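> So you can see what is in the structure, the chains are spelled out below.
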Amino acid sequence: MNATIRFRIVDRQLVYSPDERLVCEYEVQYAAPDDLQAVEASVLWYTEGKGDEDMASHFFERRMRENVVDRNLCHCHRFETLLPHSPLSYFGEIVRICWCARVRVFLRSGESFLEQVPFQLGDVARKRSRER
Amino acid sequence: MFRWPKPWSKKRGDRRTGSPLLGNMGEVLLYSALFLFGTLSLIVVLISSYLRSWPASHFFPEIYFVETQVTVREKHVEQEKGENVYRAELLVKWLEEDSINPKRILLADELSDREAGLVILDRYQTGDTYPAWYDPSKSVSLCMKQPGRYLFALTLVAVVATMVIGGARVAYTLMDFRTSPERRADLFGRVAKLDIVREATHGSEAFPAIPDVEDISNSPGVLLAYRLPIVQSPLLHILAAALFCLVWICVSAVFIHVVVSGLAHGNLEWILGLITLVFLGLGIWSLRYFWGQLLFAVGVGPTNVEISDHPLYPGGFYKIALAQAGRVHLDRLQLALVCKEEATFCEGTEVRTELRQVNKCEIFTVADVNLCAGQPFEQTADFEVPAEVMHSFRSANNSVQWKIIVEGIMSGMIFRRQFSVVLYPKPDNDRVGQRADRSTEV
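Residue numbers (our numbering), protein chains in the order written: chain L, 77 to 208; chain C, 5 to 446.
Simulated from the structure, these hints should not be mistaken for lab results.
Note that the coordinates shown come from a computational prediction; the quantities given were computed from them, not determined experimentally.
All C-beta atoms, glycine included, are put in the ideal place defined by N, C-alpha and C.
Any given hint could turn out to be false.
A few chain L residues facing chain C, derived, Cβ under 8 Å [claimed, not checked]:
(1) Ala108
(2) Pro109
(3) Asp130
(4) Arg138
(5) Thr157
(6) Leu158
(7) Ile173
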């Protein structure tokens, strides 16, 4: 049985600037809500390309079943964060920096489901790809 | 087709093979075994040493020794029967369980001459009392030198270390198994914000993942605000070239000796001769390279680069001053702002680093530069950092580096000196986004 995650960035833009507010909203749909153990929401960057992957979390929130109202993690939940000054999204030749908002749902059985929405921070990446 | 899952993983591009679950299980089993081995060993060592039983009584008898006092009655050097070997011995009396016992103590065995035995015995005077050590359960164990207990201590340290490493890794792997990469990244980020580890991580709180500027901006210049530090001293290049040249020439010399000896005896080995020629060629090339580096070091003096402001920003205008000392003629001297991407990756068991130049802005190029003693080449120039470039970036395996590079050509050979600069993202970034037509829903 798969969990469905409805996840979106509210008023999504093509490109975000540093210090801009990023607002996200998610809702978990699962037939047996009692089997949900935790939901993690994060805003993070990771690298792609030739090198091994690096990752850093800018925003992280973990909601446990025991700590939410009604002990139900399926309710719609919203989180927001101010985006940092760096690193900006970048699509270089051997190094790429990607930003995304991510939601991960954990079941009691140990299974987890993931949904993510990429976004672009800063205009470096856009200008480089336009040059090409 | 059915495939056995592999416990190890391999990364090719974005694809990764192997089973992390099996890998984690293997790691847990390995470290559990280590933890159990350490714990059992510790229990056995401690209990056996308490009960005076094997293995402690056999491997660490010194832990049971106690101090006593003995009085020297006689001392003498004895020769082994029929052999030219001597033994230095003491005859002492000591108080054991309320009775005075005579005891013979061997101080040194298998001495080659009598004089050596007498020197050892000179430390003791007949009739004097000295401290001695013995195991109360074995009266034959009396000795004049305190037995060291380092073996027992070392064994305890090794056993406890094995237990701690095994236990910690099992706990870490089990915790890691149920922890998402985002949570790990968050924990790492929190730790990196602590003052005690901030120096070891990259970036400040305001500009994460951008190298610190303090190391670059802490040296004032003479003409302009900052003097930039050189990335790598040319001395290291010379030392590396000298070492390589020395090793290669030594190897070549051995080959030449073997070939010439064979030739002198009329036994020329052609294959060995050809290999020797290749080695000799490489030896000559390494000597020429080393000579070139040495000439640069002697002929091309220190390079100073000063800059009007730091850190740099995209689209910013800056002044830069170059002072190049030396005593050579340069065919060309160039100053440029260069951006390089660096990626570190594992390939099999090797860790490799790839460096790629992605941007180069020439600041100035001068032809036919005559460097004379006491008259360095000096030039100041203005330059603009391109507006649409990536800022400096550094993480554990990837980086975007900006450098000022001084490059000179002398008789067809190139020398290059690099000075790091840090480029920050454009300040007061206007809102660059456009409203998307639709919101994204997954």
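> Now look at each hint and say whether the structure bears it out.
These are the hints, each one checked on the structure:
no., hint, in the structure
1, Ala108, "violated, 20 Å"
2, Pro109, "violated, 20 Å"
3, Asp130, "holds, 4 Å"
4, Arg138, "holds, 7 Å"
5, Thr157, "violated, 12 Å"
6, Leu158, "violated, 12 Å"
7, Ile173, "holds, 7 Å"
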